[in-house]
Amino acid sequence: MNTVFETVIGIEVHAQLRTNTKLFCGCPNQFGTGPNSNVCPVCLGLPGALPVLNKQAVIFAVTAGLGLHCQIRETSVFSRKNYFYPDLPKGYQISQYDLPICEHGHLDITVEGVSKRIGITRIHMEEDAGKLVHQGAEAISGSTGSLVDLNRACTPLIEIVSEPDIRSAQEARVYVENLRRILMFLGVCDGNMEEGSLRADANVSIRPVGTEKFGTRTEIKNVNSFRSLERAIESEVARQTALILSGSTVIQETRHYDDFTQTTKSLRSKADAHDYRYFPEPDLFPLHVSSAWIAEIKASMKLHPDAVLLKYKTEGLSEFEIQVLLDDPEMACFFDACCVDGVSPTAVAKWVVGDFQAILRDKKISFSDSPVAPAALTSLVQMIEKGTLSGKMAKEMLPAMMTGKDPESIVKESGATQISDGDALRPLIAAIIDQHPDVIEKVKSGKRNAADFLIGQVMKETKGRAKPDLVRTLILEDIQNR
Amino acid sequence: MSISQLQDQYRRGEITASAVLDQTYARIDSHDGEVKSFLFHTRALAYEIAGEVDARLAKGKTLPPLAGIPLGVKDNMHMSGEKTTCASKILENFQAPYDATVIARCKEALMLPIGKLNMDEFAMGSSTENSAFFPTRNPWDFSRVPGGSSGGSAASVAAGFVPLSLGSDTGGSIRQPAAFCGVTGLKPTYGRVSRYGLVAFASSLDQIGPLGRSVHDCAYLLDAISGHDARDATSANLPATQVVAHLAMSQKFLKIGIPRELIGPEIDDAVKACVESAIRWYEQQGHQIIWCDMASFSAAVATYYIIAPAEASANLSRYDGVRYGLRDKKADTLKTMIANTRGHGFGAEVKRRIILGTYVLSSGYYDAFYAKAQQVRSLITYEFQQAFQNVDVLLTPTAPTTAFAFGAHAQDPLAMYLADIATIPVNMAGLPALSLPCGFSDGLPVGMQIIGRAWDENTVMGLGHQFQLGTDYHTRVPAIGSVA
Chain Y
0 MNTVFETVIG
10 IEVHAQLRTN
20 TKLFCGCPNQ
30 FGTGPNSNVC
40 PVCLGLPGAL
50 PVLNKQAVIF
60 AVTAGLGLHC
70 QIRETSVFSR
80 KNYFYPDLPK
90 GYQISQYDLP
100 ICEHGHLDIT
110 VEGVSKRIGI
120 TRIHMEEDAG
130 KLVHQGAEAI
140 SGSTGSLVDL
150 NRACTPLIEI
160 VSEPDIRSAQ
170 EARVYVENLR
180 RILMFLGVCD
190 GNMEEGSLRA
200 DANVSIRPVG
210 TEKFGTRTEI
220 KNVNSFRSLE
230 RAIESEVARQ
240 TALILSGSTV
250 IQETRHYDDF
260 TQTTKSLRSK
270 ADAHDYRYFP
280 EPDLFPLHVS
290 SAWIAEIKAS
300 MKLHPDAVLL
310 KYKTEGLSEF
320 EIQVLLDDPE
330 MACFFDACCV
340 DGVSPTAVAK
350 WVVGDFQAIL
360 RDKKISFSDS
370 PVAPAALTSL
380 VQMIEKGTLS
390 GKMAKEMLPA
400 MMTGKDPESI
410 VKESGATQIS
420 DGDALRPLIA
430 AIIDQHPDVI
440 EKVKSGKRNA
450 ADFLIGQVMK
460 ETKGRAKPDL
470 VRTLILEDIQ
480 NR
Chain C
0 MSISQLQDQY
10 RRGEITASAV
20 LDQTYARIDS
30 HDGEVKSFLF
40 HTRALAYEIA
50 GEVDARLAKG
60 KTLPPLAGIP
70 LGVKDNMHMS
80 GEKTTCASKI
90 LENFQAPYDA
100 TVIARCKEAL
110 MLPIGKLNMD
120 EFAMGSSTEN
130 SAFFPTRNPW
140 DFSRVPGGSS
150 GGSAASVAAG
160 FVPLSLGSDT
170 GGSIRQPAAF
180 CGVTGLKPTY
190 GRVSRYGLVA
200 FASSLDQIGP
210 LGRSVHDCAY
220 LLDAISGHDA
230 RDATSANLPA
240 TQVVAHLAMS
250 QKFLKIGIPR
260 ELIGPEIDDA
270 VKACVESAIR
280 WYEQQGHQII
290 WCDMASFSAA
300 VATYYIIAPA
310 EASANLSRYD
320 GVRYGLRDKK
330 ADTLKTMIAN
340 TRGHGFGAEV
350 KRRIILGTYV
360 LSSGYYDAFY
370 AKAQQVRSLI
380 TYEFQQAFQN
390 VDVLLTPTAP
400 TTAFAFGAHA
410 QDPLAMYLAD
420 IATIPVNMAG
430 LPALSLPCGF
440 SDGLPVGMQI
450 IGRAWDENTV
460 MGLGHQFQLG
470 TDYHTRVPAI
480 GSVA
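Quick note, the sequences are listed as chains Y and C, same order. Following numbering that gives the first Met the number 0, the numbering of the first sequence begins with 0 at its first residue and continues without gaps. Following numbering that gives the first Met the number 0, the numbering of the second sequence begins with 0 at its first residue and continues without gaps.
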């Protein structure tokens, strides 16, 4: 009988924290500016420069820990992780090692209707390295030269390490999806996997079903989307299974996933693994997070997705709308900003999840970059609710709003408000009915749908501005009275 | 000339800062060719600040206490726009792009930075023989070392080139050269003076401090450079010291502890005799002498040579040839570029300590060496705390011998390491300690060390000041020209 294998996966997620400044200096925590423009003696690793810890980064790390049900260590310690690489200006990375800021958390996932708890071993804080830009090749080997950009050096990261509780590629995917959602809703990370704000490495091994002992694991790096995470794990499991079935053994190593070939290839084996020579960072005293501070952070935390779900249910949103919003924290954030007093959340949800999302997606703009401010969309919804605009008119106004104009001024410029004044419409309606005596007969004989033709004529004459349900009422009234 | 005398002359309008600079550089030009204390001078900057001082004097404005006072700076502290070499080939042409906090404060105090002073490469050594450029000579005897690593700082004061200099002390690097050169030097409490802009040797032990002709002069400089700095997370959140003001107050009667371990057979008889006579002097002034045991001191040197190299091995990793400093341009791979840059750029002692530090942190050795050393370090700190329950200060010789001859320890680095037995425990516990002259042996100065409780520079310097009010060892000068 063939051996049946079980997959065992643990995941390490690196998340960039959305602080204004870097982890140990005052440089802006942002990219997109010219190479080496956001740098100073500290993040350049100049002699004599010293790190000073960013308080906001600590708040974000604690926030993430609380969101993942972790215990927050009252005393955590930064350590130096030593290795040479041109993107590492000091020759060591300041990280946390044996005493990380958060420990013993968990995250629940549901896959195919089955709920499961994934343990979070630890969350630790660390600085990112810089970036190498290789000239004329993908990697350092084969390139004519490599340029060093240290804008990213010293930016704040948290590394979230799961227990080896994950049993399939699908579970791994859902775990990272949920994790990303939590980090985004709590406002600690922008969750952009393609740009590397959120990076997941998977430790994968297999073992015969029913055995306790873990198999030899490999670490899969370079996974930059949910799809590639799933594929990378599947391909690695297939590779390991084939190895074992052929009588061979799995070597403990780091493997690089290639999205193009959808396979993993060996990066370095355990024998080549660095001895990082961790020791406590003498330039920083141990970090103390008091229980009072934790309570303060807890009190000012944004809503956890679980709480957001409840809120949306209470507001009367449909299950579909809730799902769409929870899958896109930026959209949820935009939605929440729209829901001011005096506007119905369900009406807002209809627009945010519906036509507005469609137009943004069409233009490939994310909600966080939306040219339409939440307040503008709110006024649009309010104008519909007041009857100033028809739904159709509102939809037609969206392209104009994408230029940044608010709906009031668009309406003012075009004069294109909805005509909802009966007295203003009656003479036009009477004239149109006069021209179509055949329709009068049909309606009188009970074919009320025949009135739709007349409504169409009125809308045509008013260039769509007449309020359709009012027009219908007035037409029927007029015909009844003849 | 003391700081107070210079201040009086400025106040009375008898001198100008520019004239003081002219005299300073004239003396350096005549005699530093023999002493070799300076690596290079910072004339342009010094004259620029002197101009500012003189302009303010001309307008009758009041000046900060150290305005117009010449200052020598150990070449491991950044002075923006000037080189910082750390007496190493790897940083031979490195130009500092920013001011160390201490330099910014000295500039604000309108001190006149004369130049950068020689040292053991990256502050590793006790003789200044490890400078990659040239050794500095002891002004009292040119055949002897000035001590180290702040050898240039001590020699430049002893030779009468500058009244004050800045040094750094990781295991005795201010106090031992101060003792060898017959000047006064203070290692402040760890965290008292910002390390921002000090090129790190061992971060948990390094501390910048003043060297000068007297405790009183050193107090002026400490008051100017101390105080919290937001750029150094290990800098204590305390205001600047006011030791000068404290020295004007009358001296209280204190309990002075004498560790038996540091008056034992490993101390030269002549040194012992000078220190014992200073102890008697203090007793005569009414202080109480209490003998005590500091058993953990015997492990201090061994512990230091684990912790300091471990930190140094990481601190010196940044000199990889990638961004600044020396780079091996012939290498054809990254690995050989880094290896050759460091191989050519660092001297033997620095390499020895990097290798030592790398070894003790390696997987499988960490617990046996680094972790154990941290435990012993806690023990040393604890033993000091216990001692300070019974005494106000501890008094010891600064070094077991007077200045030794060049090359004396060339074949035996361990013997040189052991010479730091009295100074190293102080850094391990982060305490303040002063070295001041307490006698002479065969024409060479002998120094004693006063160790105090953390943050108690007042008591330490008060006691040293009292000694200097009653003795004249600190006023004696070597026969180099005639000292101003």
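Honestly, I wouldn't trust all of these hints.
Interface residues of chain C toward chain Y, partial, derived using beta-carbon atoms under 7 Å [unchecked claim]:
1) Q94
2) Y97
3) A232
4) S316
5) R317
6) V321
7) Y364
8) D366
Below, in silico cross-link-like pairs of lysine-lysine (DSS-like), each with a Cα-Cα straight-line distance of 25 Å or less [to be verified]:
9) C:K88 x C:K329
10) Y:K264 x Y:K130
11) Y:K264 x Y:K301
12) Y:K130 x C:K334
13) Y:K220 x C:K334
14) C:K371 x Y:K80
15) C:K88 x Y:K130
16) Y:K301 x Y:K312
17) Y:K411 x Y:K459
18) Y:K80 x C:K350
19) C:K334 x Y:K80
20) Y:K310 x Y:K264
21) C:K271 x C:K254
22) Y:K301 x Y:K54
23) Y:K264 x C:K251
24) C:K88 x C:K371
25) Y:K394 x Y:K411
26) Y:K297 x Y:K312
27) Y:K363 x Y:K385
28) Y:K411 x Y:K391
29) Y:K411 x Y:K462
Hint data in this document are derived by calculation from the structure and do not stem from the laboratory. All residues carry an ideal CB built from backbone N, CA and C; glycine is no exception.
Hint check results:
no., hint, in the structure
1, Q94, "11 Å, violated"
2, Y97, "6 Å, holds"
3, A232, "5 Å, holds"
4, S316, "2 Å, holds"
5, R317, "5 Å, holds"
6, V321, "5 Å, holds"
7, Y364, "10 Å, violated"
8, D366, "12 Å, violated"
9, C:K88 x C:K329, "17 Å, holds"
10, Y:K264 x Y:K130, "22 Å, holds"
11, Y:K264 x Y:K301, "41 Å, violated"
12, Y:K130 x C:K334, "18 Å, holds"
13, Y:K220 x C:K334, "23 Å, holds"
14, C:K371 x Y:K80, "20 Å, holds"
15, C:K88 x Y:K130, "28 Å, violated"
16, Y:K301 x Y:K312, "18 Å, holds"
17, Y:K411 x Y:K459, "21 Å, holds"
18, Y:K80 x C:K350, "20 Å, holds"
19, C:K334 x Y:K80, "19 Å, holds"
20, Y:K310 x Y:K264, "46 Å, violated"
21, C:K271 x C:K254, "20 Å, holds"
22, Y:K301 x Y:K54, "18 Å, holds"
23, Y:K264 x C:K251, "75 Å, violated"
24, C:K88 x C:K371, "34 Å, violated"
25, Y:K394 x Y:K411, "17 Å, holds"
26, Y:K297 x Y:K312, "23 Å, holds"
27, Y:K363 x Y:K385, "31 Å, violated"
28, Y:K411 x Y:K391, "18 Å, holds"
29, Y:K411 x Y:K462, "16 Å, holds"
Checked against the numbered hints above, the structure breaks hints 1, 7, 8, 11, 15, 20, 23, 24, 27 and satisfies the rest.
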